[in-house]
Every structure is written in C-alpha cells, then in structure tokens.
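Construct all of the structure, not just a fragment, from the sequences and the given hints.
Numbered according to my numbering, the sequence shown terminates at residue 155, and the numbering increases by one at each position without gaps.
In short, the hints are calculated from the structure, not lab data.
All C-beta atoms, glycine included, are put in the ideal place defined by N, C-alpha and C.
Hints may contain errors.
Stated by the list, open to error - Pairwise CB distance ranges (calculated):
hint : residue 1 : residue 2 : range
1    : 145       : 106       : 39 to 49 Å
2    : 82        : 61        : 27 to 37 Å
3    : 145       : 52        : 44 to 54 Å
4    : 75        : 131       : 16 to 26 Å
5    : 50        : 91        : 24 to 34 Å
6    : 142       : 111       : 39 to 49 Å
7    : 55        : 84        : 38 to 48 Å
8    : 82        : 17        : 40 to 50 Å
9    : 125       : 33        : 16 to 26 Å
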Amino acid sequence: MAAPLTSYPWTDTFELGHARMDDTHREFVTFIDTLLQAGDEEFPALLARFAAHTQQHFDQESAWMRETDFPPAPCHEMEHLRVLEAVRVVGERVAGGDLALGRQLVAALAEWFPVHAASMDSALAGWLLRPGADSHARCQYS
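Written out as structure tokens, the structure reads:
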C-alpha cells in the first residue's frame, strides 16, 4: 500500500505555456497542497474555499472554450462538471463531519490533475496559443 500523500508541490511538468492558465493551475496545486497538510479544524473551511476556486477556474476555461469555438469543449466541460459534482457532494459530507472522505477526495484530485492538465488543458492551451487564433482571446487572457 502506498504511503498517504502529504504534500503536492508545483512542478514544471504542469506548465502549459499559457500564462493565465498556468497561474490558475498553480493556485489549484497550492490549494491541494494546503488541504493535504490541513488540520481537522481548518479542513472544512479550506475545502469550501477550494470548491469556490475550482468553480471559478473551470468557468474561466469554459469561457475561453466558448469564445474561441474550441472543438472538444463538450468533453472538457463534462469532466469539469463531474469534478465539481464530486467536490460538492463530498463538501456536504465534510460539513457533516466526514473528514476522511474529504481527504480521499483531495488525494484523488492530486492524481487526476496531472492527467487532465497534460491532456485536456494542454489541448486547450495549444488552441488558445495557436498561430492565427483570435488575437482578442489570446491577448486578453495571456
């Protein structure tokens, strides 16, 4: 059995080359790291703040996808909806005292994020930064 994850540092492998997306991803990784190290007293409030941050993070990516007619947007957004629903449901359970389930969610998100970033987010970053892309979308969000 693997040892429990106790920290989650940013790594250059998460870099996608889109400054605004990379900044938001750094914040996401910092939240995961903070949650992994949080004590029981602070964990529920931190998870609630993480949920709000993640909603804003995904809303921004959805706006980029809509504004630039990103072809695989439905698949990308569906994955975001699944994550948000899990965070919502688990957040309710954490608020009711089930911290262990909340900690399992955080560990699962730490496993999920690198795959999502390297596949779906990488494709979006490439789309936003491609030659000939709408300069308004590229400049406003870069």
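Mind listing which of the numbered hints don't hold for this structure, in increasing order?
Violated: none.
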